Amino acid sequence: MTQGVITDNGHELFNGLTERLDGHRALLEETRRSVVRLLADVPTAPKRLRVQAGDVVVEVEWDDAGQPVTVVAAGAPAAPEPPAPEGEYLTSPTVGVFYRAPQPGAPPFVAEGDRVRPGQQVGIVEAMKLMIPVEADRAGLVARALAADGETVEYGTRLFELAPPDRTAG
Amino acid sequence: MFDKVLIANRGEIALRVARTCREMGIRTVAVHSTDDRDSAVVSYADESVQIGPAPARKSYLDIAAVVEAALRTGAEAVHPGYGFLSEDPDFAEVCRDNGLVFIGPPPEVIAQLGDKTAARGVMARAGLPLLPGSLDPLGSASEARSLADDIGYPVIIKAAAGGGGRGMRVVHDAAEFGRAHRETVAVAQALFGDPRVYVERYLATARHVEIQVLCDRHGNAVHLGERDCSTQRRHQKLVEETPAPGLPRELVERMGEVSVAGARAVGYVGAGTFEFLVGPDGRFYFMEVNTRIQVEHPVTELVTGLDLVRAQIEVAAGAELGLRQQDVVPRGVAIECRVNVEDPERDFAPAPGRLVEFSPPGGPFVRVDTHGYPGYRVPASYDSMLAKVLVWAPDRPTALARMDRALAEFRIAGPGVRTTTAFLRRVLAHESFRAGTHSTAIVGQVLDEQHGPHRAAG
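Residue numbers (my numbering), protein chains in the order written: chain A, 5 to 174; chain B, 2 to 459.
Read the hints as simulated data drawn from the structure, not as lab findings. Be aware that one or more of the hints could be misleading.
[Claimed, not checked] Result set (DSSO-like, lysine-lysine): computed pairs, CA atoms no more than 30 Å apart in a straight line:
(1) B:LYS59 / B:LYS5
(2) B:LYS59 / A:LYS133
(3) A:LYS133 / B:LYS238
(4) B:LYS238 / B:LYS59
Note that the structure is predicted; figures quoted are calculated from it, not measured.
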């Protein structure tokens with residue numbers, strides 16, 4: 005587990021805000037926006053993020069055994085090695101019924117062995133009578149279909165397993 | 002009665018609703034975000050559905066995801082808890098359109114009472130006393146300004162769509178009115194998507210007293226007495242108690258009667274709360290109606306012996322209220338303290354983290370409503386309230402001693418975790434709180450005495 009700590013004297017930064025906006029919540033909202041910008045600069049999604057208002061403290065914690073990463077607000081961010089992907093999955097964007105094909109009897113959007121590219125539609129989740137397209141968020145080779153046609157899924161349910169990158173390369 | 006209820010909430014209230022459902026033989030479905038996988042209600046409920054990622058907007062506030070989860074799991078009704086979608090008329094309507102019972106008032110009633118100016122209008126016609134101010138949202142800054150001048154300062158500018166202590170601004174003199182008005186309009190637009198504001202007199206040393214009501218679909222309505230919620234910080238309640246100390250019983254009785262009249266006037270169904278300000282002269286003024294179960298509802302449960310969530314569910318299922326006004330006989334004194342993971346030394350900044358140690362108090366007449374447990378990681382994504390500590394006693398001095406004992410027993414520790422328990426004990430020990438003469442200014446007074454006046458101004 006590695007941990008980076010960012011501290012800054014936030015008084016000047018936020019003094020005007022607390023007066024103009026709705027007190028503490030506005031401060032937190034602004035802190036959160038800063039954190040979103042900060043997260044855009046770190047290479048991997050952290051396991052844990054702690055935000056504290058007042059004297060601003062942002063703690064970022066990554067869930068791997070790599071070197072400690074310290075990101076200093078004013079300085080250039082250190083670039084840690086991205087962790088090796090454990091197995092990649094395309095997951096459901098919401099709760100609903102998953103369909104592999106555009107309509108009953110039609111061939112599925114993708115089958116095992118197919119290559120997918122980012123943005124390619126791989127299925128449909130029907131929620132509240134809406135047909136929500138499921139799109140691949142990365143490229144890969146479909147190793148296994150994990151959810152059956154017509155199966156009830158929830159947010160994050162694994163729909164397809166992608167083969168590891170070394171098998172899809174080339 | 003329902004066979005299965007979906008609980009559209011998280012934290013302690015989700016667990017609290019699930020517990021009553023289990024006592025009633027109703028199966029439960031918990032919904033949760035990715036951040037709440039380890040939440041206590043997820044393992045407690047009969048089923049759980051992950052409805053979205055951590056931001057509430059994409060999970061607990063996603064109407065389609067919540068309703069779809071209810072339909073997928075075969076739930077017949079949805080309990081919204083407090084916060085999130087609990088006072089969203091659109092959510093109540095979508096539930097109804099999909100054949101789900103929303104455990105709360107009809108969407109039309111939520112919409113009417115959610116608009117603070119509409120609520121003031123209907124309650125004024127039902128005979129409830131209002132603070133001097135506007136009955137309608139004010140069209141222009143100059144119109145608002147001249148009304149404020151008529152009322153006399155200080156005044157408070159409030160967002161028509163506001164609530165939960167958000168979107169209001171106190172103005173002490175005419176010179177600061179223009180700027181405060183502009184800012185409140187901007188905040189109202191940003192927070193609620195509705196820029197309308199209204200103006201009323203501000204009572205700096207008022208007490209905040211509310212009346213719990215309960216209504217069925219058959220025209221029966223009762224009130225369950227009052228709660229004093231004067232101990233607030235930035236309009237967020239910290240301590241609630243009943244009975245309101247030092248308030249004449251006939252005044253409380255009158256507030257109860259007008260609340261029932263107001264509830265009948267709008268066709269209210271379910272549990273609701275009428276909020277009032279009580280001035281130093283003993284006059285009371287209607288503020289707003291909360292159309293949901295409230296955080297502090299157990300205070301009323303302890304003195305009446307009623308399970309309010311059970312009553313909500315029964316009424317939603319169409320049952321008649323099993324009690325008349327004369328059956329409601331509050332006994333003794335109940336106090337609730339909200340324990341937040343916040344650091345009072347750092348201006349109450351949120352201080353969540355993993356709870357290495359979590360040992361709630363026990364002993365006679367102590368109730369703790371919490372979703373915390375040892376090892377639980379309090380997510381930073383949501384509200385900072387971790388537990389509610391409640392005590393009951395035959396009289397107020399005993400209740401205060403019991404609460405102090407309970408708070409002192411509460412062990413919560415973990416890296417970076419801070420709580421408000423020690424601060425709450427200082428509030429309870431304050432001279433004016435002990436005397437029961439405190440107003441909504443008490444938290445500022447405690448902070449002043451601790452750190453000097455500069456701390457309270459923050």
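Subject >> Unmet hints by their number, sorted upward, for this structure >> reply: Going through the list in order, the structure violates hint 3 alone and respects the others.
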